[in-house]
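Read top to bottom, the protein sequences are chains A and B.
In terms of the numbering used here, the first sequence opens at residue 1 and continues consecutively.
In terms of the numbering used here, the second sequence opens at residue 1 and continues consecutively.
By construction, these hints were calculated from the structure, which means they are not laboratory data.
Be aware that a few hints might be false.
As the list claims (entries may be wrong) - Mimicking DSS-like on lysine-lysine, the simulated pairs with C-alpha atoms at most 30 Å apart in a straight line are:
id	chain 1	residue 1	chain 2	residue 2
1	B	LYS19	A	LYS173
2	A	LYS50	A	LYS26
3	A	LYS26	B	LYS19
4	A	LYS26	A	LYS173
5	A	LYS50	B	LYS19
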Amino acid sequence: MNELLDRARAGDLDAFAALFEPLRGKLRAVAWRLVGPADAEDIVMDTFLKAWQALPGFDGRSALATWLYRIARNRALDWRRRQQARPAESFDAGDYEDHDPRTVDHQAESPAEAAARADDQAWVRRALDQLPQLHRQIVLLHYVDGLRYHEIAAALDLPQGTVMSRLFHARRKLRALLTPDPREEPVA
Amino acid sequence: MKKKQKRPSWQARLAQSHKLPPAPPADTFWADFRAQARDLPRQAPVTVPPAARRAWAEPHWWPVTSRPWAAVAACAALLLALLGWWQWPAPAPGLAAAPTSSQVLEVAARSGAFFILRDEQHQGMILWLVADERPALNGG
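Looking at chain B on its own, in the form it has when it is part of the complex (with noise of 0.2 Å):
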């Protein structure tokens, strides 16, 4: 019975059909260099303070954080999305009545909620936004 050979993955062969062909040696790639960046006209140096360089080169959590007028817009952007929400007028009954809808994900805040609903019937979603009238959900 013969041995089953194994098949090398795509990945495999395809790191076998494209390998790059040696490099040339450090010692003689970096010799030629010497030799042509000797008379090499360089930039002006940059007069940055080490400890601010050290700052830069820190990587963000969030990428926002290292572009303050990024930050400032979409603070912006959530304020008028917030008063614009509050003067929305609630949705028309016959929608909310929709008897084939069911609910996905309820998200509701002191000044109103949103819903996503699944429509059964047209096979759809439907993202409904209510502004509660009164200062609290629960104010009595």
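One chain only, chain A, in its complex shape (with noise of 0.2 Å):
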């Protein structure tokens, strides 16, 4: 890990692909949720290149992870102000349409199954707008995501307290709101 670290530092590309691949899978979930579907791989890229070249000057204060995610978070910042520049639509607004789930896992159902499962994903979707957008990330962050509490601090600039408080009273509410699922008759 060190030897990698130095060698990146010093301007070897592959050991920088080798160092940050076991990263890639999460900082792409911080820039998914913090963008949203649209630009959440040029935001990866972006803070990927951003790190290649801010890498000399890490001075190893924090965990390599927490450093790429707070530039990550910068990167998103950015992309929110061009974004307010323009009279476009917001990332609320955008959310998940480009992304088909459809494509993910699901090759191998039968139309009603597909129908019942999009019926529930919208069930879903509909309970977490409900959430304030900052416990909504927090919730997608941890829960889907697997992100740990110091992971969504950095991410989010948030205290790790906050974190853990806001995500306490969302999953009340969510458990509230999922949990009794009013469509359903009891299956006997």
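The task is to assemble the complex, starting from two chains supplied on their own in separate frames and drawing on the hints.
Here it is, written out as structure tokens:
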């Protein structure tokens, strides 16, 4: 790890790729949750390019992942400023429309199963939409993308305690919204 | 009789509905990265000895220990609090004799004590600080 870091600092692109590949998945998740699907992949590449430029100045005071998530957050903020300058739709409006969940891993389902799943997902999405945006991001980063509290704190520039308390409140509300399913009859 | 279907938990439903699509393959991604990064200017390296870098990276059991100024400020605040505590007068007798209060916590030291009391009558808590006028509580 330290050897890879030293080599990457010295300008070895292969070492940089080997060092950061394990973080790519979570970084991608952070980008998706911060800017939405349309620009997430650009933010990921932009973050790695910025990290490549800044790595020689990385002093090791924070973990590499934390440092990377902070860069991603700054790139996302820049992206938002550019978006606000344009009269385009916001991330909330765009959200997941560009992403077709059928492409994920559901090739072998029947039309009825696909319809039921789509219905279920729409219901979950409606419940999630009732949360404030920050709560939504924290819930998704933790429960769907598997980020830990300190990683979320770095990605969202929040104290870790704030992340924990927001997650607690969001979880309580989501559980109440999602546990009793009013659309379904109990199966005998 | 129909077999009872297990409903997925709300967390599983959430994960299913908001799962990200597969990431681009590592080879493709990093090849693209290399092509873009090759000509980018880079920051000057930091001139920190490796030993110091390792010391910074080690986690501290208590965050204050990594910030000397915070530890000094905390000690100063504690000293001021102790001095102020010494000079405080004893609590009013009426409060001490409140018949509806019951003791929850007592912490005694050489120079005084503090109590946390539950006030049954007013449905509240009383924080009671006591400064002893003698050098020691059991000084005879």
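Results for each hint:
1. For the hint pairing LYS19 of chain B with LYS173 of chain A, the CA-to-CA distance comes to about 21 Å; that is within 30 Å, so the pair holds.
2. Of the pairs offered as hints, the one joining LYS50 of chain A and LYS26 of chain A holds, with about 17 Å between alpha carbons and a cut-off of 30 Å not exceeded.
3. For the hint pairing LYS26 of chain A with LYS19 of chain B, the CA-to-CA distance comes to about 12 Å; that is within 30 Å, so the pair holds.
4. Between LYS26 of chain A and LYS173 of chain A the alpha-carbon distance is near 25 Å, which keeps this suggested pair within the 30 Å criterion.
5. At most 30 Å may separate the alpha-carbon atoms for a hinted pair to count; LYS50 of chain A and LYS19 of chain B meet this at roughly 27 Å.
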